[in-house]
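Colleague: Each chain, letter by letter, is given below.
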Amino acid sequence: MQPKEYQQLVQEHLPPRPIVKNMLWAFFVGGLICTIGQVVLTIAQSYERTKNEAAAVTLAAMILLGTILTALGVYDEIAEKAGAGAAVPITGFANTVTSAAMDFRREGFLLGMGSKMFIIAGPVIVYGILSGFIVALIKSLVLGLL
Amino acid sequence: MQYLIAFLVGGVICALAQLVFDTVKCSSAHVLVGLVCLGAVLNGLGLYEPFQEFAGAGALVPVLGFGSSITTGMISEVKRLGWEGLFTGAFEITGLGLAAAVVFSSILALLSKPHK
Amino acid sequence: MDNRLGTSTLTFSKGPRITSRYTLVGPMEGKGPHALDFHEILSDDSLGQKTAEKTERLMLELAITKTLEQHGTRIKDVQFLIAGDLLNQITTSNLAASTHTAPFIGIYGACSTFAEALGLGAVLLQGGFANQVLIGTASHYQTAERQFRYPIELNVQHLSTNQVTVTGAAAAILSFAERGPRITHATFGSVVDMGLKDPHDMGSAMAPAAFQTIQQHLADTQRTLADYDIVITGDLGKQGSKMLRLLLEREGCSGLERLQDGGSQIFGDWQSVGSGGSGAACIAVMTLGYVLNCLESAKAKRVLVVATGALLSALTVLQGESIPCIAHAIALEQ
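Chains as they are written, first to last, in the working numbering: chain A, 104 to 249; chain B, -5 to 110; chain C, 263 to 596.
Isolated chain A (complex conformation) (with noise of 0.2 Å):
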């Protein structure tokens, strides 16, 4: 059989994925996320003077929240029934940067979990930066900032 042939029929029978029930429980478990992350703007927002810190306050809890869960060795069993309700909140974040952390620790502080703690938040850090830039940039012009 040639390769192409194969390949059709290996996606003919690949079974198929529960769109709607991961949809389901990644809606519920990013919900619930989120509404407990409003609970903490609620509170931090009257203790801060302004907007950004008291955002910063709920982002830095949330991760806060997410490095425990993680180190409890919950969140990665959420994750297998929730997916993208676990993977795109803030403490999704947390869990990757943790997991590394402490996979990585048994190569020694320095080299393994000092270099390869951000080895998954990576891209996501990277690439913040590179279209908050690239938007900026073209914003500021625009504007008539630079």
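Treat the hints with care, as some may be off.
[Claimed, not checked] Here are the computed lysine-lysine pairs in the DSS-like style, where the Cα-Cα straight-line distance is at most 27 Å: (1) C:LYS293 - B:LYS19; (2) B:LYS19 - C:LYS459; (3) C:LYS312 - A:LYS219; (4) C:LYS293 - A:LYS184; (5) C:LYS500 - A:LYS184; (6) C:LYS504 - A:LYS107; (7) B:LYS19 - A:LYS184; (8) B:LYS73 - A:LYS124; (9) C:LYS293 - A:LYS107; (10) C:LYS316 - A:LYS184; (11) A:LYS242 - B:LYS73; (12) A:LYS107 - B:LYS19; (13) A:LYS219 - C:LYS316; (14) A:LYS184 - C:LYS504; (15) B:LYS19 - C:LYS276; (16) A:LYS124 - C:LYS500.
[Said to hold, decoys possible] Now the in silico label distances, taken between C-beta atoms and shown as ranges: (17) B:ALA23 - A:ILE237: 18 to 24 Å; (18) C:ASP339 - B:HIS24: 54 to 60 Å; (19) A:GLU183 - C:THR269: 16 to 22 Å.
[As the list claims (entries may be wrong)] Covered, in the sense of this in silico footprint (three residues per stretch, anywhere, with C-beta under 8 Å from a C-beta of chain B), are these stretches of chain A: (20) 109 to 117; (21) 158 to 170; (22) 189 to 200; (23) 235 to 248.
For the record, the hints were derived by calculation from the structure and aren't laboratory data.
Given the structure is predicted, the values throughout are model-derived calculations rather than measurements.
Even for Gly, the Cβ is constructed at its ideal location relative to N, Cα and C.
Please arrange chains B and C on chain A, whose structure you already have, making use of the hints.
Modeller: Relative to the frame of chain A, chains B and C by itself:
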């Protein structure tokens, strides 16, 4: 009410991300990078900040908010400093989160061990 | 040539046998349907070691120690140690071989390593190069995840085609002692690459290799699947097994009810393992545990073990390469 909005908006964003992941069959890393860039773009178009006003944590917590916050930081720093702001602004808002991730992760990595 | 049949199959007229064996599995495998087939079930997957890599090494060393004990042999009376595993540079085997020192042939066949070792060992015995050959392999869920996939606690939603690396180790001594099943034939496969690139569905990538080796073996030996009581593939998993059946059906092969798969069977359906188990230890523990038990208890008289391997690396996937696969078949007879 604000809580319900946060729940719904956050939930919908996650559900849509899940849909992309399951239909386009890319990796989760691709979806996240896509979202963070989208956040930056929506912010540049002036859409994300009002969206964040409306949806609160529902817009802040998803990684879209990360991209948006980077862009907000950059633009506000440009207004203050000129071109250097494009660089100093990257971590103006997100810096707290990144440092928090490093510090908390390091502490907890010390205290625990991966389970299966 | 005297020792060859057809184009690719070797025969072993002197009758080398598997004359001692030991299998060690992790707790999850120990809760599966074949728990009673294994010699030892670990109570946790660390064996008190600080890292999973150290655990994997210790498991292999233990399996080797126990199989030597069982055989009443010491390592210095073994002419060759043949071992391999999934880790880069086969570190587990290298380190185990520094504990159990014998002339060491380190091999890599991904999840087909065990069959490669069985075949090679039989060749050395048949050729009069050895009287006692020790073979061994091991794998561990955490070490494979780290190397090939992701940090253990990372949020990942597994697909139904994903497989779970088996935590386990197995060792055996091949010799001419009068016990245990005879190794009658070995068909070493060549690499089959159907251009598949999805590392989350290795079963589908490996099925064509299993198909080719089975076809080759049957053609060389002039046998059919029905000549075997069990034809067990290594770790095609549920998805890969499905594809293999499709390929065999298209060829008009009969006897498909004899097909079994180590990866699909080592875990129970209640254990949420996607398509099933995989890893170098999977077919090793299933063969030395389950299959040999079947032969010993006369539930089966003649068995074909078709171990499959996906010869990818963490880098090849990122560089856009497809997944070359291989399968080696070993015929055992009680």
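Colleague: Any hints from earlier that this structure breaks? Give me their numbers in increasing order, please.
Modeller: Of the numbered hints given earlier, those the structure breaks are 1, 8, 9, 10, 15, 19, 20, listed in rising order.
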